[in-house]
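Based on these hints, arrange chain A on the given structure of chain P.
So the chains spell out like this:
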Amino acid sequence: DAGITQSPRHKVTETGTPVTLRCHQTENHRYMYWYRQDPGHGLRLIHYSYGVKDTDKGEVSDGYSVSRSKTEDFLLTLESATSSQTSVYFCAISATGSSTDTQYFGPGTRLTVL
Amino acid sequence: ELKVEQNPLFLSMQEGKNYTIYCNYSTTSDRLYWYRQDPGKSLESLFVLLSNGAVKQEGRLMASLDTKARLSTLHITAAVHDLSATYFCAVASGGSNYKLTFGKGTLLTVNP
Numbered sequence: 001d002a003g004i005t006q007s008p009r010h011k012v013t014e015t016g017t018p019v020t021l022r023c024h025q026t027e028n029h030r031y032m033y034w035y036r037q038d039p040g041h042g043l044r045l046i047h048y049s050y051g052v053k054d055t056d057k058g059e060v061s062d063g064y065s066v067s068r069s070k071t072e073d074f075l076l077t078l079e080s081a082t083s084s085q086t087s088v089y090f091c092a093i094s095a096t097g098s099s100t101d102t103q104y105f106g107p108g109t110r111l112t113v114l
Numbered sequence: 001e002l003k004v005e006q007n008p009l010f011l012s013m014q015e016g017k018n019y020t021i022y023c024n025y026s027t028t029s030d031r032l033y034w035y036r037q038d039p040g041k042s043l044e045s046l047f048v049l050l051s052n053g054a055v056k057q058e059g060r061l062m063a064s065l066d067t068k069a070r071l072s073t074l075h076i077t078a079a080v081h082d083l084s085a086t087y088f089c090a091v092a093s094g095g096s097n098y099k100l101t102f103g104k105g106t107l108l109t110v111n112p
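Sequence order for the protein chains is P and A.
The opening residue of the first sequence carries number 1 in our numbering; numbering runs sequentially from there.
The opening residue of the second sequence carries number 1 in our numbering; numbering runs sequentially from there.
Keep in mind that the hints were calculated from the coordinates and are not lab data.
Be a bit skeptical, because a hint or two may be false.
What the hints assert, rightly or not - Negatives, chain P to chain A, calculated, CB over 10 Å:
id : residue
1  : S7
2  : V19
3  : N28
4  : G42
5  : R44
6  : Q85
7  : A95
8  : S99
Said to hold, decoys possible - FRET-style restraints, in silico, Cβ to Cβ:
id : chain 1 : residue 1 : chain 2 : residue 2 : range
9  : P       : P18       : A       : G59       : 40 to 48 Å
10 : A       : Q57       : P       : E14       : 33 to 41 Å
11 : P       : T13       : A       : S51       : 25 to 33 Å
12 : A       : Y22       : P       : T13       : 21 to 29 Å
13 : A       : F10       : P       : V52       : 40 to 48 Å
14 : P       : A95       : A       : S12       : 17 to 25 Å
15 : P       : E14       : A       : S51       : 44 to 52 Å
16 : A       : G94       : P       : G3        : 23 to 31 Å
17 : A       : T77       : P       : T13       : 27 to 35 Å
18 : P       : G63       : A       : Q57       : 39 to 47 Å
Think of the CB as a built atom: it goes at the ideal place given N, C-alpha and C, for glycine as much as any other residue.
Isolated chain P, as found in the complex:
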């Protein structure tokens, strides 16, 4: 298994509170990604990073911000959580941004916003 951990694994929070999810990798991969998974939608890309302090938006970035201050950690912040952000969040990593490179996924974080 790729060395990817996510924390917390489960979180329940209230509407309007900020939430930060952490993805940590031990593979020294350059690229890291945040996805959300919702029934009927598959996985959708929120943000991704192609290096330390280099990030870009994905398909569903509104209401989310990210930071990457070191190679191994990629943080996802919900600035003011809403019920529509209740979801399962997956982090993924890849060694390069090449389309020939496989993305490996972390175990996921189940977030419930009440």
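Chain A in isolation, oriented as in the chain P frame:
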């Protein structure tokens, strides 16, 4: 905007039968991935298809890619219960930083 459509979304099969899951996509791409997800678990990479005509096989699963038709298939041969899972295809697009667009997934249930 790249769209990826899988069908069927739900598939119930009997053990020993064969079936195919289809993945259609809307724009040119020659990179396609198949993933498996067990309930409550993460995604596991199954296949990476990197060119037109690519075919890969692992056990009872075989994946193929036709970039001209913008179609990939995941064929299941003689299904067994252990293959029950959700299967996703994902298509790569973009310039120097490739991004994946996923289909909605096919929930496969193999019944004894």
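C-beta pair T77(A), T13(P): status relative to the range 27 to 35 Å that was hinted: violated, 45 Å
Whether R44(P) stays farther than 10 Å from all C-beta atoms of chain A, as the label says: violated, 7 Å
Satisfaction of the hinted span 44 to 52 Å by the C-beta atoms belonging to E14(P) and S51(A): The hinted range 44 to 52 Å holds for E14(P) and S51(A), with Cβ atoms some 49 Å apart.
Hint check for S51(A) and T13(P) - Cβ pair distance inside 25 to 33 Å: violated, 45 Å
Range hint compliance [Cβ, P18(P) to G59(A), 40 to 48 Å]: holds, 45 Å
Verdict on N28(P) as a residue remote from chain A, using beta-carbon distances over 10 Å: holds, 18 Å
Cβ separation of Q57(A) and E14(P), checked against the hinted range 33 to 41 Å: violated, 49 Å
Supplied distance hint 17 to 25 Å, evaluated on CB atoms of A95(P) and S12(A): violated, 38 Å
Status of V19(P), Cβ more than 10 Å from any chain A Cβ: For V19(P), whose nearest Cβ neighbour in chain A is about 20 Å away, the distance exceeds 10 Å, so it holds.
Distance restraint hint 40 to 48 Å, applied to the beta-carbon atoms of F10(A) and V52(P): Once the Cβ atoms are compared, 42 Å apart, the range 40 to 48 Å for V52(P) and F10(A) holds.
Given as non-interface: G42(P), partner chain A, CB spacing beyond 10 Å: Not fine: 4 Å to the nearest Cβ puts G42(P) too close to chain A.
Non-interface claim for A95(P) versus chain A (Cβ beyond 10 Å): Holds, since 12 Å exceeds 10 Å.
Hints 4, 5, 8, 10, 11, 12, 14 and 17 from the list above are not met by this structure, while the remaining hints are.
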